[in-house]
Amino acid sequence: MSRLSLPLIAVVLVGAVLGVQVAAGGGRYVPVSPANPCTPVSVPPIPAQLEPLAEQIVLLGLDSAACQLGISRERLVLALAESRTPNPRESAALKAGLVDAVDMLARQGRLPKVSQLLPQALDQSNLPGIAKTIIEAIPDSVVDNLLPTAPLLRRTIDELDINRLLHELNDPRQLNSVLQSAILQAALSQILGRLHP
Amino acid sequence: MGQGSQLMGTDRSDQPAIPLTGRTATVVALSLGVAVVLGDAGVVTLALPEILRDFGAQVWGVAWVLISFNLVLALVAVPAARLCVRGDPAVATAGGVIGFAAATTVCAVARSLGVLIAARAAQAAGGALVIVGSLELLVATTGVERAGVRRWAVAGVAGAALGPVIGGLLTSAFSWRAIFVVQIPIVLLALPAAIALRGRVVQRRRPTPDTLPDRPHLLANLALALLSAALTAALFLLVLLLVDGWSRSPAVAAVAVTAVPVAALAAGPVFRGMRAGTRSEAVAGSVLIAGGLTGLALLPGAQLAWTLAPQVLIGLGLGLSVDSLTAAALRDRIPRAIHGGWTIAARHAGVVVGLAILTPIFTADLRHAQTPAEEAIARLVLDAPLPASTKLDLAEQLGRRLSAERGRVPDLRPAFKALRVPATQAHAVASLENDLEDQLKRAATRAFRTSFLVAAGLALLALGPALALRDRSRS
Numbered sequence: 060m061s062r063l064s065l066p067l068i069a070v071v072l073v074g075a076v077l078g079v080q081v082a083a084g085g086g087r088y089v090p091v092s093p094a095n096p097c098t099p100v101s102v103p104p105i106p107a108q109l110e111p112l113a114e115q116i117v118l119l120g121l122d123s124a125a126c127q128l129g130i131s132r133e134r135l136v137l138a139l140a141e142s143r144t145p146n147p148r149e150s151a152a153l154k155a156g157l158v159d160a161v162d163m164l165a166r167q168g169r170l171p172k173v174s175q176l177l178p179q180a181l182d183q184s185n186l187p188g189i190a191k192t193i194i195e196a197i198p199d200s201v202v203d204n205l206l207p208t209a210p211l212l213r214r215t216i217d218e219l220d221i222n223r224l225l226h227e228l229n230d231p232r233q234l235n236s237v238l239q240s241a242i243l244q245a246a247l248s249q250i251l252g253r254l255h256p
Numbered sequence: 003m004g005q006g007s008q009l010m011g012t013d014r015s016d017q018p019a020i021p022l023t024g025r026t027a028t029v030v031a032l033s034l035g036v037a038v039v040l041g042d043a044g045v046v047t048l049a050l051p052e053i054l055r056d057f058g059a060q061v062w063g064v065a066w067v068l069i070s071f072n073l074v075l076a077l078v079a080v081p082a083a084r085l086c087v088r089g090d091p092a093v094a095t096a097g098g099v100i101g102f103a104a105a106t107t108v109c110a111v112a113r114s115l116g117v118l119i120a121a122r123a124a125q126a127a128g129g130a131l132v133i134v135g136s137l138e139l140l141v142a143t144t145g146v147e148r149a150g151v152r153r154w155a156v157a158g159v160a161g162a163a164l165g166p167v168i169g170g171l172l173t174s175a176f177s178w179r180a181i182f183v184v185q186i187p188i189v190l191l192a193l194p195a196a197i198a199l200r201g202r203v204v205q206r207r208r209p210t211p212d213t214l215p216d217r218p219h220l221l222a223n224l225a226l227a228l229l230s231a232a233l234t235a236a237l238f239l240l241v242l243l244l245v246d247g248w249s250r251s252p253a254v255a256a257v258a259v260t261a262v263p264v265a266a267l268a269a270g271p272v273f274r275g276m277r278a279g280t281r282s283e284a285v286a287g288s289v290l291i292a293g294g295l296t297g298l299a300l301l302p303g304a305q306l307a308w309t310l311a312p313q314v315l316i317g318l319g320l321g322l323s324v325d326s327l328t329a330a331a332l333r334d335r336i337p338r339a340i341h342g343g344w345t346i347a348a349r350h351a352g353v354v355v356g357l358a359i360l361t362p363i364f365t366a367d368l369r370h371a372q373t374p375a376e377e378a379i380a381r382l383v384l385d386a387p388l389p390a391s392t393k394l395d396l397a398e399q400l401g402r403r404l405s406a407e408r409g410r411v412p413d414l415r416p417a418f419k420a421l422r423v424p425a426t427q428a429h430a431v432a433s434l435e436n437d438l439e440d441q442l443k444r445a446a447t448r449a450f451r452t453s454f455l456v457a458a459g460l461a462l463l464a465l466g467p468a469l470a471l472r473d474r475s476r477s
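If you're matching them up, the sequences are chains A and B in order.
Count along the first sequence starting at 1, add 59, and that's the number in this note's numbering.
Count along the second sequence starting at 1, add 2, and that's the number in this note's numbering.
If we strip away everything but chain B, and leave its shape as in the complex, we get (with noise of 0.2 angstroms):
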């Protein structure tokens, strides 16, 4: 243990302690508002597709409402952080609290894209001070240093992992806009716990500058932004495959991607048994987020049992190496509201610049397998076994839809519905929608393909400041 442990003395914080009285209920209620904001950060992957119907907007615009909000939460972490240093985390909190459910009311309000963005990014600035105020608020309920930070860690990596599943399957019960609707009340709970601990939380004396350096821990938060980074495309990507892509719905989609907050939850109980320690934790991880980001690449059909490796792959990844990264940034560095800032910072600035690099990408893909998906079209009608009129017919509805829907993965069943055909063709008719639709699958999972392999790649990327890592020490 280096300089900055001795002052720290024992994992024990030197917060006066809290009555165990509603210590439960205030822990539940901070864990619930910091679950809930970093979660907000992926919980509109899955209504990106409605939100992109219902403002008619491109791909590009409506990633904005993602990129608004992270890009915001990575500038704004740190100066929040200070913010509860200079004065009370508490306070800072309860504000923080305030404007994020002020904000998220009009987000679900909100009647164009512009004003959906421009509130997403009045919620990240609530937002981070709830994060990194309840990081302080937190360690002075549990009275342990360790606990507290843990306590924060798994909270924010629960809250990622569950974001997108829970928003998922609000927008398909309900519409996109239930997801803020129901983050309202849920955030709202840690007020009171807030309040109630105003002017309890005493700031740690800083150390001189001599024993304790006040620097932020560079590779576990380059590390921590690359795997960010890379696990942005396993969401935000594979929740567009599914829903985009292969036509699933959201609440199809956000079962399907549950395998990754579950094998993340469980990465905890089935490796941390083994003690590898933080390097080897976070070298595993980063391997195992490549490997699954790789096997999405390389899907060999569109069933979405093909997912389920390759996000176990990922969720164990997640879990192994955030939280683990997340300690050892935070570990003996005080204050520790500024290095969670830093934490919080490097994960969104991952996520922007993930979002920033991957999106292009695919969607010009997506524009350019817009030939080969109309050439195979083309190739099955024209090979079907129909007479030509048929064929005719068939050909100007399906061009109807290609031009309709053109940038965007068209919906072939009208055309299919729209062709009156005699009884004896209704099964070559059949077997022919399968075909094409079964075209179009093929093309979308192909042009995600460069986009999931430029994201494993950076995931491959966070291996070198994870193998630079000294374990269970300060770099």
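The following block holds chain A by itself, in its conformation from the complex (with noise of 0.2 angstroms):
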């Protein structure tokens, strides 16, 4: 037996160990990479209610602001879980993330009107029995009239405190008032605004 073939035989046997292993994705095997937040990505059909709606607004902004401050969505999203304080830039990237992300479901035919989502608007509002019953008096074609959604979602933003929505991130019920309270100041400003020009 030549002194070589023991050397031999242990290089094929690595050989053909290794072959395998790097046909089977060896050296692949990594955690799946943050996409380019740039990158337009497409919008799955939103349920005419709120919760879908603020999450794909949501979810859509912090693409464009993650490409506006130049890192990951999820850069970006565990930058703010971890000081729940966002510094100017991110702050202002952040609101005109959800404009941009208005603007493109807009542009797409996705947003659904104001009166579909007011049925359940009014259901988790605080607002008295009263005031419900005459809200939901009021025709559907005058409600989206008076608020194309849009603009309302625009002046919601406007009006909103990122600061405080983050802080209130872990709180549920805060975070709904804090997101009611933008809408109903967004949606009060846009019906004065048309009732004087």
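Note that these hints are calculated values from the structure, not bench results.
Remember, predicted model here, so these are calculated numbers, not experimental data.
It cannot be assumed that every hint is accurate.
Claimed, not checked - Keeping only pairs whose Cα atoms sit at most 25 angstroms apart, straight-line, the calculated DMTMM-like set for lysine to aspartate or glutamate is:
1. B:Lys393 / B:Asp413
2. B:Lys419 / A:Asp159
3. B:Lys419 / A:Glu141
4. B:Lys393 / A:Glu110
5. B:Lys393 / A:Asp159
6. B:Lys419 / B:Glu435
7. B:Lys393 / A:Asp199
8. B:Lys393 / B:Glu439
9. B:Lys393 / A:Glu227
10. A:Lys154 / B:Glu398
11. A:Lys154 / A:Asp220
12. A:Lys191 / A:Glu110
13. B:Lys419 / B:Asp367
14. B:Lys393 / B:Asp437
15. B:Lys419 / B:Glu398
16. B:Lys419 / B:Asp395
17. B:Lys419 / B:Asp385
18. B:Lys419 / B:Asp440
19. A:Lys172 / A:Glu114
20. A:Lys191 / A:Asp203
21. A:Lys191 / A:Glu218
22. B:Lys393 / A:Glu195
23. A:Lys172 / A:Glu195
24. A:Lys154 / A:Glu110
25. B:Lys393 / A:Glu141
26. B:Lys393 / A:Asp220
27. A:Lys154 / B:Asp385
28. A:Lys172 / A:Glu110
29. A:Lys172 / A:Asp182
30. A:Lys154 / B:Asp437
31. A:Lys172 / A:Asp162
Claimed, not checked - Rough simulated footprint, nothing fancy, chain A against chain B, three-plus residues with beta-carbon under 8 angstroms:
32. 188-202
33. 271-285
34. 300-306
All residues carry an ideal CB built from backbone N, CA and C; glycine is no exception.
Work from the hints to combine the two standalone chains into their complex.
Here's what the structure looks like:
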């Protein structure tokens, strides 16, 4: 038996094992990388409900904000989760990102009408029963004419206190209160704007 | 054959014959002593995660439980061998057994990491006397030099290979302290054997400087040191990957890493028939160990099955190279105990160097793996088909887990257990939990890659001295 035989057998065995492993994905078994936030994403159909709509706007808004800041969406979320107090640059990027998200959904015709969202919004609101009854009596066409969705959402975002919103993330009741307050304020401003152009 | 072998005359040792009565029992007792001491070098490997938790220590601190033993063994092996040569090896062995048993008792009851590390160092000092003394006693007992040396080498390889497995099983069944409790009666078996051999071992006449150089076999010992450094990675890192990275129990990890000792023990019957010679065996062994470690660096998944083939390569390499190189380092060299001491010193210095090089690399990589793991978790949670309120709840729980276990691979299960969701979301939540666990395993596996590749590089370095070896002759 040649003295080279044993080393050659070793090389063949090693080659076979490594070949199988590389063919099966060895070396590529790594965590999923964050997606490029500047790449446009396809938006799934949004049910005419507040939570899915808000979630979609937030997800698209995070992409847009992260793109502006030059970091990944995931890094931005983790940074916000850790500090809970965005710096002015992050705060501005977040607001601009959310507005971009509303614009994009509006362009794609994905925004539900306010009349579709109103029953759920009233149900969750703290308004007195009489007020809810009066609002429910308003015809849908009037509601949608007075409160087009995209401008309402833009105003809502404008009204939002991003710092407070982030601080209330762990308390669903407070979070709802912050959002409702912003939506109500935006709706009033928009109605007043329509009445007094 | 050189002049050294002429001095030896034949393969038979020139010790007085030991009576056949009790010879087998003596050989078994001494071999067990050698296996226990050399197994001790890695026996706590699988227990390290539990020791880490018990003492609330960091990986680097716990690594000293391994490093202290191997460092002291490397430093003390040759002086212990000189003591054996100057005095009676049986007395030295008996003293070593008592010292090792006493230090092992302290290890078993240690209440702090500092005490455990100090007791491990004392264990190594006693263990060094047991190992080098047993070499002389085994040759004297068997009456045949080659048989005695081979038994000593095989006992050492078996101990080193089986140590982590047995340690893992004991840790899993009882606790890490059981590892030390079990060792005490086994090593004490060597005490009556050593006492019985007192005054029976006659030191061989030292050769004159012009007929036989009394220098250690540099090439064989260097190759042993480099391969031991690489093998440290195979056992130490693989176990940490299985237990800490992939969240396997020590018992499962112990069973999984049996592939190394099984393959090591099979290497002899499989390849020795080829009679390839020391150099070919050492070269093939180095290639197999380097290839196996590269395989561990390129795992395609977190299933135990993927580790088997690389482990088999490492085991075959271990079985081929270590006892072949040990035999080459001892062949025709006297005093035998001192050359045995040099092989032990080389192997354990290699382990220390391996740990010193690899531990900072993989602890740093584990820290750096945190960012991609967190980003992957954030991405999957953000994109999960779950309502925003559930995602917010989950994110809060996950954040707590990640903060609590900073620097270690986190256990995310409590975060999911704390989550209260309606039945309609249960499937999506379970699926997300699996996906997140997978991402953590990916991050942990990736974190160990560089260390395994560096270890493979150490095994490849051993090719240098292995290629320079002369078959069946002294360098």
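Structure-based check of each hint:
Our distance criterion of 25 angstroms between C-alpha atoms is met by Lys393 of chain B and Asp413 of chain B, whose separation comes to about 18 angstroms. Taken as a hint, the Lys419 of chain B and Asp159 of chain A pair is broken in the structure, with Cα atoms around 37 angstroms apart against an allowance of 25 angstroms. Distance check on the hinted pair: Lys419 of chain B and Glu141 of chain A sit about 23 angstroms apart at the alpha-carbon level, within 25 angstroms; holds. In summary, the hint linking Lys393 of chain B to Glu110 of chain A is supported, as the alpha carbons are separated by about 12 angstroms, within the 25 angstroms threshold.
A C-alpha spacing of about 23 angstroms is found between Lys393 of chain B and Asp159 of chain A, which places the hinted pair at or below 25 angstroms, so the restraint holds. Distance check on the hinted pair: Lys419 of chain B and Glu435 of chain B sit about 10 angstroms apart at the alpha-carbon level, within 25 angstroms; holds. Of the pairs offered as hints, the one joining Lys393 of chain B and Asp199 of chain A is violated, with about 32 angstroms between alpha carbons and a cut-off of 25 angstroms exceeded. The suggested pairing of Lys393 of chain B with Glu439 of chain B holds, with an alpha-carbon distance near 17 angstroms, which does not exceed 25 angstroms.
For the proposed pair Lys393 of chain B and Glu227 of chain A, the alpha carbon gap of about 15 angstroms is at most 25 angstroms, so the pair holds. Straight-line distance between C-alpha atoms of Lys154 of chain A and Glu398 of chain B comes to about 23 angstroms, which keeps the hinted pair within the 25 angstroms bound. Restraint check for Lys154 of chain A and Asp220 of chain A: satisfied, since their Cα atoms lie roughly 10 angstroms apart, inside the 25 angstroms limit. The hinted pair formed by Lys191 of chain A and Glu110 of chain A meets the criterion: a straight-line CA distance of about 20 angstroms does not exceed 25 angstroms.
Distance hint between Lys419 of chain B and Asp367 of chain B is unfulfilled; the C-alpha atoms sit about 29 angstroms from each other, more than 25 angstroms. Taken as a hint, the Lys393 of chain B and Asp437 of chain B pair is honoured in the structure, with Cα atoms around 15 angstroms apart against an allowance of 25 angstroms. Proposed proximity of Lys419 of chain B and Glu398 of chain B is supported: the alpha carbons are some 13 angstroms apart, at most 25 angstroms. About 12 angstroms separates the Cα atoms of Lys419 of chain B and Asp395 of chain B, which keeps this hinted pair within 25 angstroms; it holds.
Simply put, Lys419 of chain B and Asp385 of chain B have alpha-carbon atoms about 20 angstroms apart, close enough for the 25 angstroms limit, and the pair holds. The straight-line distance between the Cα atoms of Lys419 of chain B and Asp440 of chain B is roughly 17 angstroms, inside the 25 angstroms bound, and the hint therefore holds. A distance of roughly 17 angstroms separates the Cα atoms of Lys172 of chain A and Glu114 of chain A; the hinted pair therefore holds under the 25 angstroms criterion. With a C-alpha separation of about 17 angstroms, the suggested pair Lys191 of chain A and Asp203 of chain A falls inside the 25 angstroms cut-off, and the hint holds.
For the hint linking Lys191 of chain A to Glu218 of chain A, the alpha-carbon distance of about 23 angstroms falls within 25 angstroms, and the restraint holds. A threshold of 25 angstroms between alpha carbons decides the hint, and for Lys393 of chain B with Glu195 of chain A the separation of about 32 angstroms lies outside it, so the pair is violated. At most 25 angstroms may separate the alpha-carbon atoms for a hinted pair to count; Lys172 of chain A and Glu195 of chain A meet this at roughly 15 angstroms. About 18 angstroms separates the Cα atoms of Lys154 of chain A and Glu110 of chain A, which keeps this hinted pair within 25 angstroms; it holds.
Proximity of Lys393 of chain B to Glu141 of chain A is assessed by CA-CA distance (about 16 angstroms); at most 25 angstroms being required, the pair is judged to hold. Straight-line distance between C-alpha atoms of Lys393 of chain B and Asp220 of chain A comes to about 21 angstroms, which keeps the hinted pair within the 25 angstroms bound. Distance check on the hinted pair: Lys154 of chain A and Asp385 of chain B sit about 21 angstroms apart at the alpha-carbon level, within 25 angstroms; holds. Pair hint Lys172 of chain A plus Glu110 of chain A holds up; C-alpha atoms about 14 angstroms apart against a cutoff of 25 angstroms.
Pair hint Lys172 of chain A plus Asp182 of chain A holds up; C-alpha atoms about 17 angstroms apart against a cutoff of 25 angstroms. Taken as a hint, the Lys154 of chain A and Asp437 of chain B pair is broken in the structure, with Cα atoms around 31 angstroms apart against an allowance of 25 angstroms. At roughly 15 angstroms between alpha-carbon atoms, Lys172 of chain A and Asp162 of chain A fall within 25 angstroms of each other, so this suggested pair holds. Given a C-beta distance limit of less than 8 angstroms, the hint that chain A covers the stretch 188-202 of chain B is violated, as 0 residues qualify and 3 are needed.
With 9 residues bearing a CB less than 8 angstroms from a CB of chain A, the stretch 271-285 of chain B meets the requirement of three and the coverage assertion stands. Residues of the stretch 300-306 of chain B with a Cβ under 8 angstroms from some Cβ of chain A number 5, which satisfies the need for three, so the listed coverage holds.
Going down the numbered hints, you'll see the structure goes against 2, 7, 13, 22, 30, 32, while the others check out.
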